[in-house]
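Chains as they are written, first to last, in the working numbering: chain A, 1 to 214; chain B, 1 to 94.
Derived by calculation from the structure, the hints in this document are not laboratory data. Keep in mind the model is a prediction, meaning the values are calculated, not measured. All the given hints hold, so there is nothing to weed out.
Looking from chain B toward chain A, a few residues come up when the C-beta cut is under 8 angstroms (computed): (1) 23; (2) 25; (3) 45; (4) 62; (5) 76; (6) 84.
Here are some chain A residues the structure puts well away from chain B; computed CB gaps all over 10 angstroms: (7) 23; (8) 41; (9) 44; (10) 51; (11) 65; (12) 66; (13) 83; (14) 97; (15) 98; (16) 112; (17) 136; (18) 186; (19) 202.
Cβ coordinates follow ideal geometry from the N, Cα and C atoms, glycine included.
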Amino acid sequence: MTDERDARGHHHHHDHDHDAHAPIEVGASEYEIMALAMRELLIEKGYVTAAEIRSALEYMDSRTPSLGAKVIAKAWSDPAYKKRLLENAPAACKEVGVDVTPAHLVVVENTPATHNVIVCTLCSCYPRSLLGLPPDWYKSKAYRSRVVIEPRKVLKEFGTELPGDITLRVHDSNADLRYIVLPLRPKGTEGWGEEKLASIVTRDCLVGVTLPVV
Amino acid sequence: MTAMFKVGDKVTVKRTHPPGHRRTPFYIRGKAGIVERIAGNFANPEELAYGFDGEPRRRLYRVRFMQTEIWPRYDGPAQDTLDLEVFEHWLEPA
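Bound conformation, chain A alone:
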């Protein structure tokens, strides 16, 4: 092993690779350059302002799965609210202060006999207004292609094993509707307030790849 000090006195051992972490920033891809060029043109021609783009990004960043969890916790606590949520999800979300427009949101309900899971096979459509940006796996070709053809195997990889007598419904949000799963309220949550209930409703439960755990 060679051992030397550089100008700042740091030891360098030259028998290993210097790749401790991935680069923080890599050069822009062709698509990123095209997107930047498009953005500059739209601003230059006066269609949008830089401030409007920034504020749209800020809005997206403010969306997190806690909004979805809040809606589900209320549905678990209030049967009349649950009914409204299943009949007209955008209006029911608005009741608790969550604006999901312009998405045409549909809530699909898990029952003791039925489990639901959502996907977008064409791209990455996702109930962003309630869950924020989708995780990378949701956008992966592997998830998008496999969850329609072998959904039970995919769920098992997420740790969710469904008994054979449960009906599994896959929802492909390939056009204008967006879906969110209303999981079954788990046993052991009797008497819980909405805030505590919301704490067990995770993003993955709302996509339908897992179940809430007490």
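Based on the hints, put chain B in the right spot on chain A.
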């Protein structure tokens, strides 16, 4: 204009392969399912994709298919389903 199909109707997705932007995935073309709901009228994505206004709007259905109908070798239970959205001009009575 009245809807060509109602909830519960059996429909077949056209098996056709026109070029261009389509929202009907290849895997569902030629398959038969049941209308689960009429989702409403939406701007036609096949026009929107090319900078047109998407008018006239097209009626969109949510159709439920049995997994065993879509994938002959589906190895899950026979009752499993897949729901997706299909525009009226892609559907035929089954």
